[in-house]
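Asker: Each chain, letter by letter, is given below.
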Amino acid sequence: MTDTTASEKTEDIEIRLLLDALYTRYHYDFRNYAMASIKRRLKQGREQLGFPTFSAMQESLLHDPAMLAHLLRYLTVHVSEMFRDPSYFKAIREKVVPHLRTYPSLKVWIAGCSRGEELYSLVILFREEGLEDRTLFYATDISQDALQEAEAGIFTMDRIPLFTENHRKSGGKSSLSDYYQAAYGRVSFDKSLRRNVVFSDHSLVTDAVFGEMNLISCRNVLIYFDRDLQDRALGLFKDSLARKGFLGLGAKESLRFSNEGAAFTDFVRDEKIYQRRGD
Amino acid sequence: MGAAVGAIVIGASAGALDALSVILPALPEGFSLPVIVVVHIPPDKRSVLAELFQAKCRVPVREAEDKEPIVGGTVYFAPPDYHLLVEADKHLSLSSDEPVLFSRPSIDVLFESAADAYGPALIAIVLTGANHDGAKGMRAVVDAGGSGIVQSPEGAFATAMPEAAIAMCPTASVLSLSAIAAYLQEV
Ligand SMILES: C[S@@+](CC[C@H](N)C(=O)[O-])C[C@H]1O[C@@H](n2cnc3c(N)ncnc32)[C@H](O)[C@@H]1O
Chain D
60 MTDTTASEKT EDIEIRLLLD ALYTRYHYDF RNYAMASIKR RLKQGREQLG FPTFSAMQES
120 LLHDPAMLAH LLRYLTVHVS EMFRDPSYFK AIREKVVPHL RTYPSLKVWI AGCSRGEELY
180 SLVILFREEG LEDRTLFYAT DISQDALQEA EAGIFTMDRI PLFTENHRKS GGKSSLSDYY
240 QAAYGRVSFD KSLRRNVVFS DHSLVTDAVF GEMNLISCRN VLIYFDRDLQ DRALGLFKDS
300 LARKGFLGLG AKESLRFSNE GAAFTDFVRD EKIYQRRGD
Chain W
96 MGAAVGAIVI GASAGALDAL SVILPALPEG FSLPVIVVVH IPPDKRSVLA ELFQAKCRVP
156 VREAEDKEPI VGGTVYFAPP DYHLLVEADK HLSLSSDEPV LFSRPSIDVL FESAADAYGP
216 ALIAIVLTGA NHDGAKGMRA VVDAGGSGIV QSPEGAFATA MPEAAIAMCP TASVLSLSAI
276 AAYLQEV
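One line per chain: the protein sequences are D and W, in this order. In the numbering used here, each residue carries its 1-based index in the first sequence increased by 59. In the numbering used here, each residue carries its 1-based index in the second sequence increased by 95.
Just so you know, the hints here were simulated from the structure itself, not pulled from any lab data. Hints may be right or wrong, so weigh each one.
[What the hints assert, rightly or not] Far from chain W, by Cβ distances over 10 angstroms, these chain D residues were calculated:
#1 93
#2 94
#3 95
#4 98
#5 118
#6 121
#7 186
#8 187
#9 191
#10 219
#11 232
#12 247
#13 252
#14 301
#15 309
#16 311
[Unchecked claim] With a straight-line Cα cutoff of 25 angstroms, these simulated DMTMM-like cross-link-like pairs (lysine to aspartate or glutamate) come out:
#17 68(D) - 176(W)
#18 185(W) - 325(D)
#19 162(W) - 73(D)
#20 68(D) - 139(W)
#21 228(D) - 193(W)
#22 149(D) - 184(W)
#23 162(W) - 271(D)
#24 162(W) - 249(D)
#25 162(W) - 325(D)
#26 149(D) - 124(W)
#27 185(W) - 67(D)
#28 162(W) - 79(D)
#29 228(D) - 192(W)
#30 185(W) - 70(D)
#31 162(W) - 88(D)
#32 185(W) - 73(D)
#33 185(W) - 88(D)
#34 162(W) - 71(D)
#35 228(D) - 176(W)
#36 102(D) - 193(W)
#37 154(D) - 285(D)
#38 102(D) - 139(W)
The beta-carbon is built from N, C-alpha and C at its ideal position, and this holds for glycine as well.
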């Protein structure tokens with residue numbers, strides 16, 4: 060019997076080569092993502108797209124640019140909710156907003172915005188708090204598909220009860236139904252919510268800083284990265300934040316193990332909201 | 096078999112608390128292996144599993160954190176609403192990928208990633224439950240040379256999960272809870 064742990068398995072070599080090819084040819088860099096989840100989703104992709112091996116997948120990817128979109132659909136995960144973890148949004152509303160109010164103009168970056176759930180949550184919250192008009196929102200992701208959907212602002216009706224309940228629990232001051240129109244099993248969020256939003260393709264792995272943000276919300280993206288990549292992204296956030304700017308992470312993400320931790324203080328510890336130090 | 100054991104993974108669903116209350120408190124002080132556990136819990140519940148079992152156990156019990164190194168002699172519980180996976184370099188990671196068989200955390204996801212990381216040096220245990228999660232995962236563990244143990248359906252609070260695991264892994268040992276507890280003290 061071969062020792063499967065000592066030497067790299069054929070399949071792992073193939074995955075490494077596939078991700079190398081993806082990077083070299085298309086500049087999408089998944090090489091330092093947490094591999095267990097990537098591998099699981101790639102296997103699913105291999106089965107569903109009908110490839111016998113990852114090597115065959117790699118060949119197709121290199122020669123057929125249409126494969127890129129297919130593959131990216133497996134490599135990126137778009138699970139989200141509006142006002143996901145309502146207590147996070149409640150803390151933004153009650154603890155962060157009072158500080159933001161003291162600025163005449165604001166910049167907010169939603170990094171890894173996926174199909175827009177987190178973005179719309181923050182825009183609605185800012186409107187409820189009377190801050191929307193002075194705020195510019197940057198919504199970024201590496202997935203073109205997701206960005207397009209975010210820009211369209213259309214969600215299936217069956218998700219609305221959960222979104223509504225989350226909004227209420229987050230301390231919502233209006234009714235979520237004020238912001239969308241329902242038709243044919245889908246709801247479409249009001250385009251006025253996108254008035255101050257800039258959508259753009261940006262990778263936390265390969266792209267550069269975004270200047271002078273007052274708040275960066277990046278939730279459930281860093282868990283897909285390995286430690287080094289998490290550090291890179293957190294460095295990017297540090298450099299993109301104004302002094303005393305805020306950083307909000309996902310419920311299971313933290314600065315605790317990061318080399319960048321020293322640049323921040325805990326602001327709302329339980330909600331993973333940090334503040335960039337002033338010096 | 097023959098390979099030294101490197102880790103134990105456990106999956107449980109309906110009836111999990113009682114079943115785990117037989118197995119985990121029996122782990123002796125100084126137990127050397129990591130024990131990684133997925134219990135199906137509703138997503139909106141703040142998990143009390145780690146606290147609950149810490150009070151009953153002689154080994155440290157914690158809720159798993161993203162990217163933490165796996166330490167021997169520690170029991171890790173998956174947090175609610177996240178999958179728990181084992182990385183090849185023996186770290187834990189969390190993901191918010193889609194639920195699998197309606198479950199997040201999913202037993203299959205844990206078992207399959209652990210099978211990949213530990214190969215033959217893994218013991219996977221499927222306990223009581225009313226769904227089929229864990230069967231495919233245990234198959235992956237066994238295919239990688241690891242061992243499967245299933246709670247015998249006769250004594251189980253819910254039989255579907257152990258039955259599905261046995262059907263998919265005929266070579267798994269089928270044991271009562273107390274036999275599983277005794278077995279773990281010997282590994
Ligand atoms: C699970 S979703 C998170 C959605 C939302 N932020 C939330 O918490 O509900 C993860 C998102 O991160 C995006 N993503 C993955 N890698 C990225 C990268 N390197 N830079 C920016 N976004 C990335 C994915 O495309 C996906 O839309």
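Asker: Hey, residue 68(D) versus residue 139(W), does the alpha-carbon distance stay inside 25 angstroms?
Answerer: violated (38 angstroms)
Asker: Do the alpha carbons of residue 162(W) and residue 271(D) lie within 25 angstroms of each other, as the hint requires?
Answerer: violated (30 angstroms)
Asker: Taking the minimum C-beta separation from residue 186(D) to chain W, is that value above 10 angstroms?
Answerer: It holds; residue 186(D) is separated from chain W by about 26 angstroms at its closest Cβ, greater than 10 angstroms.
Asker: Need the status of pair residue 102(D), residue 139(W): alpha-carbon distance at most 25 angstroms?
Answerer: violated (30 angstroms)
Asker: Minimum Cβ separation between residue 301(D) and chain W greater than 10 angstroms?
Answerer: About 27 angstroms separates residue 301(D) from the closest Cβ of chain W, which puts it past 10 angstroms; holds.
Asker: Holds or violated: residue 162(W) with residue 71(D), Cα cutoff 25 angstroms?
Answerer: holds (20 angstroms)
Asker: Tell me if the straight-line CA distance from residue 162(W) to residue 88(D) falls inside 25 angstroms.
Answerer: Between residue 162(W) and residue 88(D) the Cα gap is close to 20 angstroms, so the pair holds against 25 angstroms.
Asker: Check the non-interface label on residue 219(D): least C-beta distance to chain W beyond 10 angstroms or not.
Answerer: holds (17 angstroms)
Asker: If you draw a straight line from the CA of residue 185(W) to the CA of residue 73(D), is it 25 angstroms or shorter?
Answerer: holds (21 angstroms)
Asker: Checking a non-interface call: every C-beta of chain W should be farther than 10 angstroms from the C-beta of residue 121(D). Is that right?
Answerer: Residue 121(D) is indeed farther than 10 angstroms from all Cβ atoms of chain W, at 25 angstroms.
Asker: So is residue 118(D) really clear of chain W, every C-beta pair being over 10 angstroms apart?
Answerer: holds (24 angstroms)
Asker: With 10 angstroms as the threshold, tell me whether residue 95(D) passes as away from chain W on beta-carbon distances.
Answerer: violated (4 angstroms)
In summary, the structure is inconsistent with hints 1, 2, 3, 4, 15, 16, 17, 18, 20, 22, 23, 24, 26, 37, 38 from the numbered list given earlier, while agreeing with the others.
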